[in-house]
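Residue strings, one per chain:
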Amino acid sequence: MHPVAVKALFNEQVATLSPALAQRRQWIFHSLAFPAIDCSFTAGGGTTLRVRFHCDEWNDLPPSITLHAADGAFLTTAPANPTGVFHAGPHPLTNRPFICMRGSREYHTHPSHLGDLWENAKNGSSFTLGGILTQVWNAWQKGAG
Amino acid sequence: MSSEHNEYGPDHGPDHGHEEQFVEVSISTTAGFYPADEFDRIPANQKVEVQLRKAQNKLNIRDTAGWIATVTLDSGKRQIDVTRTYRENGLSGKVEIDWGPSEGGGG
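Protein sequences, first through last, are from chains V and H. Mapping to the working numbering: the first sequence position 70 is 80, numbers consecutive. Mapping to the working numbering: the second sequence position 101 is 570, numbers consecutive.
The hints are simulated quantities; they were obtained by calculation from the structure and are not laboratory data.
Now the in silico label distances, taken between C-beta atoms and shown as ranges: (1) D532(H) x R34(V): 21 to 29 Å; (2) A25(V) x F508(H): 21 to 29 Å; (3) P121(V) x D509(H): 42 to 50 Å.
Just so it is clear, the structure is predicted and the values come from calculations on it, not from any experiment. Glycine is no exception: its CB is placed at the ideal position from the N, C-alpha and C atoms.
Work the whole structure out from these sequences, hints included.
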C-alpha cells in the first residue's frame, strides 16, 4: 500500500480512540501519532500494562506489538495471564515476550502460526487497530493485578 | 388525592415506579459512541441486542462475531447477556455498555 494510504488509514482508525473512550476504559493514550499507538491499561489497583503498536505498513501487515511497564521499560517477562495471549517467548525475531494472538505481527511471524494468514483476518471489524487493542485489553483484564 | 385511590391503582401514582421502566444507555466502542453524546432512554424490558444493532449500523461496524458487551459496576466488570433484557441483566439507571471483540485465543 502506498505510504500515504497507510498513514491515512491509520489516522482514520485512531480518530475514534477518543478521550471519552479512554476515560471509560481507564486507558491512557501516550501517543496516537503515526505510526505508533502507545497506550497504558490501568485498572483499580492492578499492575498497569503499557503496549505500543508499531503500525508501519498498516494494514498490509498487522501491528508489531511490544509490552512495557508503566514507565515505558520493555517487559522481560510476560504478564501473568490465563488466556495464553501474553507469551513468555522469547519470540524468534524480537527475542522478547510477545502477544500471541491473531492481529499481532509477532503471532503471524511466529513459526507456529505461519499458516494463519493475516490476509484472512485483516478486513474484519475485530482487526481494526481499535479492535486489536480491545482484544489485548480484554485479555489483560483476565489477569490484571 | 390519596395514592391509594387513583387511576394508577394502589401506590401507583403517575410517576411512581415510572423511572424503573426505563434505563439510560450509552454504548462505547473503538468505532465511536452510540449515541454520540448523552444517553438513549430505553425500555428496561428491551433486549440489549436491539440497541447494539442500532449502534452497529450507525457506527458502520461490519461484523461483530465474537464481540462481548460488558458493564462496570461497583463489584467490577461484568459481561452481560445481550439476548436478555436490561432488567433480566440486573441493570437499571444509567447503563454504560462497553462493546468490542473478546481476545482471540493465544497459543
